[in-house]
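**Student:** Chain by chain, the residues:
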Amino acid sequence: MQKENINTSQSSVVRDGQQSRFAWLLMIAITLITFLPADMAWAHGERTHAPSLRMRSIQFYDVQWQGAGDMNVGDQVIMTGKIYLPPELNWPTTLQKPDIGYLQTSGPAAVFAKVESYISDVPMIQSASGITLGRTYTFKLVMEARIPGEWHIHPSLQMIGNGPIVGPGLWTNVTGNWSDYKLPGTAGIDGEIEIENLGTYALDTVYGWHAVWFVMGIIWLLWWIRRPTLLPRYRAIQEDVDKNLLITSADKRMGVLMLCVTLALVIGGAMNANAKYNDIVPLQTGNVPVFPLPVQNSQLVVKGLSSEYNVPKRAMSLEISVTNNSDKPVKIGEFATAGIRFVVDQSTLSGVAGQALKASYSNVTEDYVEEYVRDALAIKGGDTSAILPGETRTLTLVAADAVWEIQGLSKIVESPVRRVGGLVYFFDADGNRYREYVDMATDVAYR
Amino acid sequence: MAYSDAITQALDMSTNEERTYRMFDMIVIPIVFAVMASAFHLHYMLTAGDWDFWIDWKDRLYWPIVSSISFIIFAGAVQGLMWRLVRMPIGMTLVGTGLVLMEWISRYYNFHLWAYFPMSQVWPATWIAVGIFVDAILLITGSALMTSLFGVFFLPVIFITSNYPMLAPFRAPTSVMGTEVPVADWIGYVFQRGGSPEYLRIIEDAGLRLLGGETWFISCLFGGFVSIFIYMLWWWISGIATRPYSRSNPLAEYMGGTQPSDKDDAITADAYPTSAVK
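Residue numbers (our numbering), protein chains in the order written: chain C, 1 to 447; chain S, 1001 to 1278.
Don't read these hints as lab results, they were simulated from the structure. Wrong hints could be hidden among the right ones.
Unchecked claim - No farther apart than 20 angstroms at their CA atoms in a straight line, the calculated lysine to aspartate or glutamate pairs in the EDC-like style are these: (1) K276/C to E144/C; (2) K252/C to D1005/S; (3) K243/C to D1050/S; (4) K182/C to D242/C; (5) K243/C to D1012/S.
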């Protein structure tokens, strides 16, 4: 009864004749959608990373590039800088505690060749172990341009269980020919094997053996399909035709021959390779321990109290408390987070301190994209006087700049974790720089 | 390419029938080859992908085991189908050749030209020697059980040994930043995979179960042992696949057709091909 009701219902969406026409229209529409132009995907998604993770996990700072910008195939770009991991108390609970990591660049596949990489001067051909919260490491990456094009490359640290945290990126414009890139070297116990180009190394051997096996496979297949194949053989089985017609003695002789030739090639090839490459090593894995920089000798106690992101002003206000236990007055020069550096007007830092601040980014900005160093940090109320020895002062830093929007950090307003973190830099009159990490909850102001 | 043959003569076929069947062969065989090769490629890339994609994943421990088990699932089933339906011991060679062909197409166009990885990093392993070896054992023994014991058991050995001449140059030692590694590791280091850091590789590690330094041997032994059971399972499943079942389409009504009657809803095995399952 139920089925009858369905069939006779006037409200049924199914009507003979109409359904197929709609289906065809739908199929044509779906097909046409695939021809819509697709935008080029730029950069590597760092701006869509959760802002609370970018600002509160690994901090890349003092990142410098040498040789980026306009490059030819084969030119080198060298990235150096420091990696700071916030202390355990402030490490995001959504991330695993770091231990094993791997230094590389984030970029579109292998457009650059990574020729050297180091964490704290330790070669990083394998993964690093012992990466510790609250400590700082240096890094160095030497990359060679390989593929012509415009490429955006970042240093990045991959962490087991977490994935990559990407440092600030830079555009490169590589010209030349892909085929011009060659990476030579040597191999063997005594370096007796000359590698003309790593990208094409031993390919003649690979192509040769694949060709041999393709020929063998085709011979075997042609042997069988040279005779009537599908339907006659199927019918012969169904109708119990003499089975010796399906597999003849010639077939069996051919099978034995193919088996012998296959085994001869397999064993002979392996013995020959063994004689030629008798000193071989298995793939190397395991981890290499790395050691952090010494803990800085800072007598400053800095606490993050609260913060507020003002949406229309694109400004982050950070209320912090600073206690200066050192014997020198200090001034605030910079707030850095997620690879973005907000610096104060250099004139507020007198003499040597101002020069030290400028020196900390002057050689960076030469090759930096402007959005990574913003002259946009101010102290609310305008009190830029030094924090004296023994003094505790509560002050509010204001970093107002469109870069919050451009870098996607303003998405903190939509984030399930509304917290901001970053590094506050202080300078004393001798030009010494002190780095302190702050982490605090963030409110949002919509007007 | 003969039209007439002892088989067609035994079936009392007319010349016209012979020509028609031969034309059917010429049309269908390339299609079957392309479909099988594509399907097998998809299966193999999903199950043994990274071990076959990258030169610095082709290790001594996991590569023989994972690759063999992944291969024998599909290849065993196709070999069973080809043997049961047309009594041709070419199933494993057919799909092995197709797989390697598809891999070369994918590695060259996708990995090399599109993603810029050098061919020295992404060349595929060959399976054709394995296919010929196991097919020939099936031809000689005429038995799935004997093939599994004397063919499939040696599958990982043949696989590794037939690929070793290509792999050996990549195991030669070299020094990178003062660390001695095989050339394969150097290639994986230089031509980096953005989303796949070194620690994600699932390769032999220096654990306490290092198998006494005889990793190749033990891996091939274990891979062959497991492959026997996988092979027999899929040979059996291919037997089910040779029985054509029919069932009315329950969604026909919604596609502009008519609703099937109740009697069409039962799953039934067609009577004719039962003798194909032996």
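**Student:** For which of the previously enumerated hints does the structure constitute a violation, in increasing order of number?
**Tutor:** Hints 1, 3 and 4 are the ones this structure does not satisfy, whereas the remaining hints hold.
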